[in-house]
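Here the protein sequences come in this chain order: G and S. Note that the first sequence covers residues 1 to 322 in the working numbering. Note that the second sequence covers residues 1001 to 1340 in the working numbering.
Keep in mind that a hint or two might mislead.
Unchecked claim - Simulated restraints, written as ranges between beta carbons of each label pair:
#1 S:1252 <-> G:289: 38 to 46 Å
#2 G:24 <-> S:1296: 43 to 51 Å
#3 S:1059 <-> G:306: 18 to 26 Å
It should be emphasised that the hints constitute simulated quantities derived from the structure, not laboratory data. Note that CB positions come from ideal geometry on N, CA and C, so glycine has one too.
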Amino acid sequence: MPKALTRPPFDPELEAVLAVLREQFPSAITPEMIPVMRQPNPLMPTIDQVIADRAITSRDVAIPGYEGAEIVVSVFARADHTGTGPGIFHTHGGGMIIGDRFVGIDVMLDWVERFDAVCVSVEYRLAPEFPDPYPVEDCYAGLVWTAEHAEELGIDPDRLMIAGGSAGGGLAAGTALLARDRQGPALFGQVLIYPMIDDRNETVSSHQIEGEGVWDRTSNFTGWNALLGERRGTADVSVYAAPSRATDLGGLPPAFIDVGSAEVFRDEAVAYASQIWADGGVAELHVWPGGFHGFDMMAPHTALAQAMTAARTAWVARLLGA
Amino acid sequence: MQELVGRLTALDPEASESLKIVGYFDTLVGGQVSVDVLARSAAVLAGCVAGVRLSGGRVVRAAPNGERLDDDGPDGWRTLEGPTGSVVWIERTGEAHTNDTMLLERFAIAVAITVSRSGADSGAHRAAEVVVDASAPADDRATAAARLRLDRHARVRAVALPADVPVPSGSPNALLSTPFGFAQLLLVPDSAARGGDGFGGGAARAGIGLAVEAGRLPASWSSALVALRLSDARRPVVRADDLGALLLLAETADADAEPHPDVAALESLGHDRTALPTLDALSEEGSVRGAAAALGVHHSTVQARVTALTEALGYDLRTSDGRTRYATARILQRLRAARW
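Just need the whole structure built from these sequences, with the hints factored in.
Next comes the structure, spelled out in structure tokens:
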């Protein structure tokens, strides 16, 4: 495989944004950069600021994670929420190595408002300090807790979906597989937002993005090496850690998958949807032309970002019959 | 993930971010986006509503979240008129931000280029872009030349003007992005340009390219850009014809991203405001005394500077060879530094 393939062009509206932010947000993340990237960014709003102008309440709950260790979830609901409604179990992104349960929460809060859903967002433990299986097992434990406490959370257990972006998308897919193989909890749908699901890092798209865009080939090695150590790329990787490894995607809840055409995750996302269909399942796939990883977060004002967000929301609406 | 991805927000009100603004609008123009996209892109960068009113009257107004707003006009807001009669503005309440001027300028130019590509004359504009494009196949350039009614055998010159200079109407023209800034292209029959004056009029800069047959217009355009790059307040209109073999030198230097060491040496003197004027004067006058007189500075001051600079450069402008070497390096340095 040639070292640097020509990638699909970036959408010009998005590329202009990248030109401005490129210096502050490097494409290639290496292991030494992890501590710095975990520093809280004073320029980003806090969760209280984020929910301040929405009529949403938030509370933190300590729950048992993998091996019974205490982890935290945050529960978001409309201030006027009563009875039970749809539930969204959210697994945040950050390459498996950074981020907290509030990363990517804006999209979930939009759905909380719009569908009167209750969102439970789990703070799983991060690699490399907590390698596989900690992250996905923490997520599964959080899902189990959510299902067990559905009624008091105001969640209809028959309408509980899982959603996450990037590493969170991978964890959502992995958790959905665990839920299938462990016969529960029941999931109503899975929203895999530009999911990170293939540790092998050998697809064409994983070779096309190097030194530009967001989360390039080098970053992907960093994240997967942190999660799997020397097991990365070997036969010793479970489908729960790297859902792309799964050869049987039957019996899963309906999936929504989106991804950009100019990001490393493009081909694994397309392959995942294709495998779901090959196994007779239900999936909707969107590949956004000229999108780099996370472009809807970086450039929400653009036409493509608006289309991406609208397509996700429309799918959730259809799923909920709303 | 915010740490990985970030989010585009308005520019810092205090910190100058010219390069980012230039890169931002250049990328948009290069991607051939619509005026609507330009408006919302400007709004998000400015952090306030941005608008444009095209010369035909159409208004596009956008909010910083990208939302399209109603067609209110620019009354009362800070506006800027662009080269093709479009007006752009931002609706900033309170103090102007450091980057507002640059943002409005680049916004206006981006709109002008976009409009010129898609307006009533768009076919002619596109043809003019193609006919000077060295990377376009010869067939495409021949078709474009025919579209512009350029006689295949008559000689024609490309003329380069900065984007903000008004052009005489009637000549085929286009707005092109160059590494030195946006430039207007005029195609002028050789007979009309013979006089040499009449471009810009007065202080406006212009570069007049070589006279060529239509098929060699890319060479005329690149010579026009060299000429424009060498124009300045003292010599606003430069003819490529008058540059002689310097054109060859410019071409060779342009082909290499790295500057020649002599040129790099001059660039490194940039922080010293007296260095280049002293060397220019010495090069022109040939003697320290002559240079001192030209600069209006005491002879011994100039002598001291010359001694230090000779050491820094590694050659002596008091010799004929040194002056040739300097003059050559100086032209290449000016070519690299040219912006408009």
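Quick check: does the Cβ-Cβ distance between residue 24 (chain G) and residue 1296 (chain S) fall within 43 to 51 Å?
Given about 47 Å between the Cβ atoms, the range holds.
CB-CB spacing for residue 306 (chain G) and residue 1059 (chain S) relative to the 18 to 26 Å hint:
21 Å, holds
Between residue 1252 (chain S) and residue 289 (chain G), does the C-beta distance stay in 38 to 46 Å?
With Cβ atoms ~40 Å apart, the hint holds.
Of the numbered hints listed earlier, not one is contradicted by the structure.
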